[in-house]
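2 protein chains.
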Amino acid sequence: MSNDPVDTEDHMDRLHRAIDRQATDQIWRLLNNTMVPAEVAHALESSPPREREELWTQVGPETQGEVLLYLSEEVQDEFLDRMDAAELLTATENLDTDDLADLLQRLPTSSIQQVLDSMEAQERERVETVLSYPEDTAGGLMDTDTITIRPNITLDVVLRYIRRHEELPQSTDVLWVVTRRDELIGRLSINKLLVCDPSMSVREIMDTDFIRLDALASQNDVAQLFERHDLISAPVLNERGQLVGRITIDDVVDVIRDSAEHTVMSMAGLDEEDDTFAPALRTTRRRAIWLGINLLTAFLASSVIGMFEGTIQKITALAVLMPIVASMGGIAGSQTLTVLIRGIALGHVKTNNVRWLLGREMIAGMLNGVLWAAVVAALAIVWFDDWMLGGVIALAIVINLVVASLTGTLLPVLLKRLSIDPALSGSVILTTVTDVVGFLSFLGLASVIYL
Amino acid sequence: MSNDPVDTEDHMDRLHRAIDRQATDQIWRLLNNTMVPAEVAHALESSPPREREELWTQVGPETQGEVLLYLSEEVQDEFLDRMDAAELLTATENLDTDDLADLLQRLPTSSIQQVLDSMEAQERERVETVLSYPEDTAGGLMDTDTITIRPNITLDVVLRYIRRHEELPQSTDVLWVVTRRDELIGRLSINKLLVCDPSMSVREIMDTDFIRLDALASQNDVAQLFERHDLISAPVLNERGQLVGRITIDDVVDVIRDSAEHTVMSMAGLDEEDDTFAPALRTTRRRAIWLGINLLTAFLASSVIGMFEGTIQKITALAVLMPIVASMGGIAGSQTLTVLIRGIALGHVKTNNVRWLLGREMIAGMLNGVLWAAVVAALAIVWFDDWMLGGVIALAIVINLVVASLTGTLLPVLLKRLSIDPALSGSVILTTVTDVVGFLSFLGLASVIYL
Chain A
1 MSNDPVDTED HMDRLHRAID RQATDQIWRL LNNTMVPAEV AHALESSPPR
51 EREELWTQVG PETQGEVLLY LSEEVQDEFL DRMDAAELLT ATENLDTDDL
101 ADLLQRLPTS SIQQVLDSME AQERERVETV LSYPEDTAGG LMDTDTITIR
151 PNITLDVVLR YIRRHEELPQ STDVLWVVTR RDELIGRLSI NKLLVCDPSM
201 SVREIMDTDF IRLDALASQN DVAQLFERHD LISAPVLNER GQLVGRITID
251 DVVDVIRDSA EHTVMSMAGL DEEDDTFAPA LRTTRRRAIW LGINLLTAFL
301 ASSVIGMFEG TIQKITALAV LMPIVASMGG IAGSQTLTVL IRGIALGHVK
351 TNNVRWLLGR EMIAGMLNGV LWAAVVAALA IVWFDDWMLG GVIALAIVIN
401 LVVASLTGTL LPVLLKRLSI DPALSGSVIL TTVTDVVGFL SFLGLASVIY
451 L
Chain B
1 MSNDPVDTED HMDRLHRAID RQATDQIWRL LNNTMVPAEV AHALESSPPR
51 EREELWTQVG PETQGEVLLY LSEEVQDEFL DRMDAAELLT ATENLDTDDL
101 ADLLQRLPTS SIQQVLDSME AQERERVETV LSYPEDTAGG LMDTDTITIR
151 PNITLDVVLR YIRRHEELPQ STDVLWVVTR RDELIGRLSI NKLLVCDPSM
201 SVREIMDTDF IRLDALASQN DVAQLFERHD LISAPVLNER GQLVGRITID
251 DVVDVIRDSA EHTVMSMAGL DEEDDTFAPA LRTTRRRAIW LGINLLTAFL
301 ASSVIGMFEG TIQKITALAV LMPIVASMGG IAGSQTLTVL IRGIALGHVK
351 TNNVRWLLGR EMIAGMLNGV LWAAVVAALA IVWFDDWMLG GVIALAIVIN
401 LVVASLTGTL LPVLLKRLSI DPALSGSVIL TTVTDVVGFL SFLGLASVIY
451 L
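If you read the protein sequences in the order shown, they are chains A and B. Residue 395 in full-length UniProt numbering sits at position 395 of the first sequence, and the numbers go up by one each step. Residue 448 in full-length UniProt numbering sits at position 448 of the second sequence, and the numbers go up by one each step.
In isolation and in its complexed conformation, chain A is listed as follows (with noise of 0.2 Å):
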């Protein structure tokens, strides 16, 4: 059975040509034998909400879980809600602790009971150790099912040790050396066990220089270390320097798309769980919040308008030419915000180089606004033959490009100060300023030269 870089599609296809025709076996067997887990859930995440409801119905009991865990939350919550507890069992009943915590931490505590009663002591426990830790931290990503050893054995006896288990956890490339209270000493790579002479002991050719995760570390940090030290997997120590589990690469994968897509989808204050098919209602009440808020803004920038509503009558050319200062400074100022919120992101802007980048943002807005400035005066005099108009239009478009900048430049930085995340309510926040100083510098100057 050979897979290459289209049978993703391929199934996909054959899916949907299954569907139109209602060939309900050949979906059950699309589903359940053909398909990969990730596959089914992507083929669930890309359907529309009727079409989803009878695929899942066709996932069979045993396979539902290791789909759940490749499903966004939100369509993870829409069958989790679902399902009873005899469900939830049958389902849970074969996943890695890891991915069985991440499960159950989207369950109500009553449910999460009932699973955690149902299971062997040992297993529980790992499980519990888990849970016992946040979401979002090294604890609640690792999985628990590690294999350790002692440094004083050789590595004769080690191989002996290793070939008594049926199969490896998933993933293992190294093998732990802890002491007898299992603080972690050592690493010992199974590569290196493969070449090494058998007569060595686990001491004279661990490691000892690597990687160790603190069980608290943000799921972020987490991720930075293993994008920049190339890590397959790393062992999460308590607060005693105890082992208490190891997170591998495909877990990490998972949080640095979602980090990197939460930028995109918060600024237009989306979230990136979001499902892309979630109904119509549910997507109406969502948008009409971000909205709203978006109108106050509108509302702010109109009330400015208004302010000038003398002069506008007076020059109908302002109210033509306004959206022009507003939109060239809203332009350069989100120009400004993405760079510093993907650098902040990063890890890049630091308190010790933001003056360097103020100072630059600053240097750009400038000579852009110029620039700019200078185009739009002279389209401006040739379209309304009116050479105050375009001096107007020069000042206001170079002073709401400077500010832009500034805005752009400093608004994350204090935001993220403030713990309030950058991209979600900054672009709002720029908008209304650039819009306002837009409208007030623009029809501010033109009230004062020409009344």
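Just to be clear, a hint being listed does not mean it is correct.
Restricting the straight-line Cα-Cα distance to at most 20 Å, the calculated cross-link-like pairs of lysine to aspartate or glutamate (DMTMM-like) are [said to hold, decoys possible]:
hint	chain 1	residue 1	chain 2	residue 2
1	A	314	A	385
2	A	192	B	145
3	A	350	B	45
4	B	350	A	51
5	B	350	A	250
6	B	314	B	386
7	B	314	A	309
8	A	416	A	221
9	B	350	A	54
10	B	350	A	274
11	A	350	B	20
12	A	192	A	156
13	A	350	B	53
14	B	192	B	214
15	A	416	A	271
16	B	192	A	166
17	A	192	B	156
18	A	192	A	230
19	B	416	A	9
20	A	192	B	258
21	B	350	B	421
22	A	192	A	221
23	B	192	A	156
24	A	350	A	274
25	B	350	B	221
26	B	416	B	258
27	B	192	B	221
28	B	350	A	167
29	B	192	B	167
30	A	350	B	421
No lab work stands behind these hints: they were computed from the structure. Values in this document were obtained by computation on a predicted structure and should not be read as measured data.
Fit chain B to the supplied structure of chain A, relying on the hints for placement.
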């Protein structure tokens, strides 16, 4: 030497203190002994030009190659441009083939030849294999450093063969089983090798059901496969089914981050490879283009307003309220656009479900249109004591939100089909539409009703 999540921060702090005190020795030690190449790259990326310059001169010639790998393309180019052939040779001496090929792809042809000429025949052939594939394909991403075995030997022979290596290639989790003609027929995981009976043959225990990558598959397809199947590594085959290399998860993590960052940067007319600390003039030049494009659309909107100067002169309230109509359309449209762009990037949105999405978005646009039209109308009536004005703005908002939903859904799908990046051009086109339709519907309706 213990490492924990705060260590990178600690290294950065110590580096900054050393820079402030101009403690050259300590800077050198930190960059070349204490910090790993990825941390050095992070320090360079987080530094303004002059400081970055100073730091780079302190990075040892042999470390430079590794550090270059972790830099964004813009910063890479900055340093590569100034290195002569001898420096390049020293820096690239110890790199893996895939990493070396990555760097070479950024050099002029003459420099590539010089580096290739300096290499041993076997090594050169490997790099040339990678270079023969486009940079953004599986072949361009792969590493040729694989361990292959034959199917008919026993595990015991494999174990002895492996023991002859001093070390295995990084992240080796499987051995590849090939025929005499290098055709891939299976894989043997290291973990299985450790737990199975050594007298068994490779053929008996090898897997044959796993993901194979076509060397010409796009890197985005590769990334999706890794994410979907939780892969650590995957084999790359040429068109004859021969094993030409393997891709490991650490190469894919970069692709995943870049593709997710691409959307947010493109929507602001920026590039994910942009240097956060690019100098002021380069920044100005780059931003100028985007501002120029947006100025065109702003003038288009202004020309629409210009058509109604007479109406505005009579009813200046129109000038006060018109930005609200345009702004509400822009926000609603950009929400729809963002959901669609992300849905397309994740592979959720396909020809067969666009119709459902369009329906959902039109309903949401209509409902939010009616809701906020009512609110704005009420406020307008109170503010200007004009019932007619309330009716006009309400109707204009409903029209603009419905058009925004329509455009936000169909535009990215259309652009994608024309192979134009929807993240880059989508928001400019969308804003133009919502501005023009907003002003046209509001001022047009007002002209018909009042005049």
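How the hints compare with the structure:
| no. | hint | verdict |
| --- | --- | --- |
| 1 | 314(A) x 385(A) | 16 Å, holds |
| 2 | 192(A) x 145(B) | 17 Å, holds |
| 3 | 350(A) x 45(B) | 12 Å, holds |
| 4 | 350(B) x 51(A) | 14 Å, holds |
| 5 | 350(B) x 250(A) | 27 Å, violated |
| 6 | 314(B) x 386(B) | 14 Å, holds |
| 7 | 314(B) x 309(A) | 11 Å, holds |
| 8 | 416(A) x 221(A) | 16 Å, holds |
| 9 | 350(B) x 54(A) | 19 Å, holds |
| 10 | 350(B) x 274(A) | 18 Å, holds |
| 11 | 350(A) x 20(B) | 15 Å, holds |
| 12 | 192(A) x 156(A) | 12 Å, holds |
| 13 | 350(A) x 53(B) | 18 Å, holds |
| 14 | 192(B) x 214(B) | 26 Å, violated |
| 15 | 416(A) x 271(A) | 18 Å, holds |
| 16 | 192(B) x 166(A) | 9 Å, holds |
| 17 | 192(A) x 156(B) | 17 Å, holds |
| 18 | 192(A) x 230(A) | 18 Å, holds |
| 19 | 416(B) x 9(A) | 17 Å, holds |
| 20 | 192(A) x 258(B) | 33 Å, violated |
| 21 | 350(B) x 421(B) | 16 Å, holds |
| 22 | 192(A) x 221(A) | 28 Å, violated |
| 23 | 192(B) x 156(A) | 17 Å, holds |
| 24 | 350(A) x 274(A) | 31 Å, violated |
| 25 | 350(B) x 221(B) | 16 Å, holds |
| 26 | 416(B) x 258(B) | 19 Å, holds |
| 27 | 192(B) x 221(B) | 28 Å, violated |
| 28 | 350(B) x 167(A) | 40 Å, violated |
| 29 | 192(B) x 167(B) | 19 Å, holds |
| 30 | 350(A) x 421(B) | 32 Å, violated |
Taken one by one, the earlier hints fail for this structure at numbers 5, 14, 20, 22, 24, 27, 28 and 30, listed in ascending order.
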